[in-house]
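A.B. asks: Next come the chains, spelled out residue by residue.
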Amino acid sequence: MKRLLLINALIVFTLVLTACGGAAATEAPAMTEAPAMTEAPMTEAPAATEAMATGVIPETGVEGLDEFGERYDADPAVLTQSIGTTEGVPQIAMAAMYRAGLPVDEARQELAIKCWREKICDTGTGGEITVALADGFGENLWRQVTHMEFILQALTYPEIGKIIYTTAALDTQKAISDVRSLIAQDVDIIVGFPDAGEALLPAVREATERGIVYITHSYGKIGEPGRDYSSFVAEDVCKLGELFAETLNEEVGSGKVAFLGGTPGNALSAYWQSCEEPALSPELELVGRADTNWTREGTLQAVSGFISSNPDIKGYSYEAADSFLGGVRAYESAGLPLDIVLTLRTDEVGLFCEWKDINNPNFKIFYASGGNYQSRIALTAGMMQLKGHELPAEGVIIPTVMRQVDENTCNPDMPAEGSLSSLVPIPIVKVMVGQ
Amino acid sequence: MKRQIQSSFLTSIVISSRYLSVWIAIGLLLISALLIAPETLTRVSFTTVLPLTSFLALAALGQMLVVMTGGIDLSIPGIMTLSALVAVGVAGGADEKLPVAIGTALGVSLLIGLASGILVGVLKLNPLIVTLAVGQIVYGSTLAYAENVANEASVPRSFSTWITSPLLGLTNLEWTAIAASLLLVLMFRYTKLGRQFQSVGANPRAAWILGLSVNMYVIFAYMGAAFLYGLSGVLLAGFLRSPSLTLGLPYLLGPIAAVVIGGASLSGGLANAVSTWAAAFFLTLLNQMLRVLGLPTALQFVVFGIAIVGGMVISGDRIVTLIENLLMGMSRFKETEVVRKKGGSEAS
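For the record, the sequence lines run as chains P and W.
Note that the working numbering numbers the first sequence so that position 211 is 253, with each residue one more than the last.
Note that the working numbering numbers the second sequence so that position 92 is 144, with each residue one more than the last.
Careful: at least some of the hints might be erroneous.
[What the hints assert, rightly or not] Straight-line Cα separation of at most 30 Å, BS3-like style, residue types lysine-lysine; simulated pairs:
{"#": "1", "chain 1": "P", "residue 1": "Lys472", "chain 2": "W", "residue 2": "Lys149"}
{"#": "2", "chain 1": "P", "residue 1": "Lys398", "chain 2": "W", "residue 2": "Lys149"}
{"#": "3", "chain 1": "P", "residue 1": "Lys356", "chain 2": "P", "residue 2": "Lys298"}
Quick caveat, the hints were computed from the structure, so don't treat them as lab data.
Given these sequences and hints, build the entire structure.
C.D. replies: Now the structure itself:
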């Protein structure tokens, strides 16, 4: 018994010592350590240079605005970086991208980080409009970058005085009460990603009845847009599936391919897969579909299952670039060469840098866009509606194009989980990931 | 004397029979795999099955310690995720900080185990509710930690390389899991501490009367369990190179299933680390076979659930009762035969 007591005492003593040692090492970078504006350029994007040169941008606003408070001459560089094309971009998205290209000075960066950390923040403009981002799940980097895009966009509007953020951490009840709480706080615009699905509709309808503009982003379409709520922002998911098929047809030619999806039964995966399958060439054999939960471990298991029975598989279509690092591990563990063509929806840079390290000419990656910027478009759409613009019930549909990863795609300055198409300045992303 | 030896032999058969079913299940699974999905048994397949078995086995061994005290632990996902993120956050990608990072992660896990142990052992709160609540607190802390410090960052490259490096036919990861499990087996089999731990679980009142501090053993169980969950989380982070906030989620029910299929008594006391390992292997291999078969996820869940229920039906207390009844039935039959023969000879 004494021995047991001694062991317990020793363990507790050791862990206290260890924890003390660790605490020092885990200190998060302080707010004041947020990189200065001069430290690194933005994501090389913004039309800042042109805008600053013309001197038309006051500190908190934009000149030359139309009746809806917007300009539509977005910088092509911003469009190319985020959406991937300058063609077929809807007017509302052009307005959002114009604002996304405005410069973000050091003070605004610090304010954005403060808003990101505090969840409810005063923008300091004295504006009367309150906007909120109601996330069904905000606990991964993609969602947090999307949140930051929303904040940065909101900070371009002097009329916005308060920004609120809620996350339900995949708890449906909390998601519903979050929306109700935002209604009670009398917000003007709610941008949401309804992970809770149709269960959220009554609360959303209530918001609409109270005159609150509710808009979803990233194909978070529920109920009937235009009646239950204002509108939604999305890329053309079916087109994405067709582009995946087109890429595999061209790059693989003939052989076996597989589809990887996210959580079981999720609508997004099912939609692009349903459009890709009929568009696949008859020379390609679809050996199966597997769910990954959009996690690296899930992708590892799914890919391992595929290569166990089909080691000669030649192509995969999937959404999440970062999660496919689990697939890379499966190939590495099995000792198989990554002689595959991968078509992806998102664009986390970690996989692309790993691709560079792997240096296998037979490993080809094609990606569309991370789409974090869609929260910016949703917010701008909401602001335009407040000023009388009628939003399309059929949604604000962003064009989709595929891009191929090459030697220049990996940006070593970006955190591995950073999205190439994100318009959040790199210094801010680094603070967000604790670098 | 002969009767005594026979009786002790039969007792040992009855006791060990509770651990038999998992081996039968593995045999049946291997035969099924050979017949309907032979790709499950290829080298490529095992390169995933073995690491995943290691993670599940470590978590299951922790759960086994708790189950041996008559409790159950639902805080596994939270502890695994938090330890993984702490390891990554403290290391900050730097190799030289790795020992401190792993030490801190395991230290934090032990602290969580200590808290659960005190709540269950000393305050006598229901372990199910306590660990569920502790799991929620840990998950909340994980969210807060991940948000501010180590958001999906990567483990130092040297650690992930070491984990997957081969050594005598297995990887260092698998050897680490085997070593941790072996220590546990040796402790239970050859140390006084291990024996006393089992007796406390089997009959806390009798153990208390014998002068053992039951509370301390319960605390020890929860701390040991949390340590193993933490170790599993750190290794999993190293294997995947970058942990996400969902890292621990698949390990809520898997370890409980492994412990039960491994023949542990849910009322406490009896359990076997080797059988628990075997059950973890069974569950991982079954999952892999279902994936190789290409079944839709919905059907995979159904088949997996049926296999767990089937395993529970034929394992642990049930099989013991069955064999006891069979043996008693045989012995009664023999006695009746003897009496009948005696009666017959007297009558003649």
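A.B. asks: Take the hints in turn and mark each one as holding or not.
C.D. replies: Right, here's what the structure says about each hint:
The straight-line distance between the Cα atoms of lysine 472(P) and lysine 149(W) is roughly 20 Å, inside the 30 Å bound, and the hint therefore holds. Distance hint between lysine 398(P) and lysine 149(W) is fulfilled; the C-alpha atoms sit about 27 Å from each other, no more than 30 Å. The straight-line distance between the Cα atoms of lysine 356(P) and lysine 298(P) is roughly 6 Å, inside the 30 Å bound, and the hint therefore holds.
Checked against the numbered hints given earlier, the structure satisfies every one of them.
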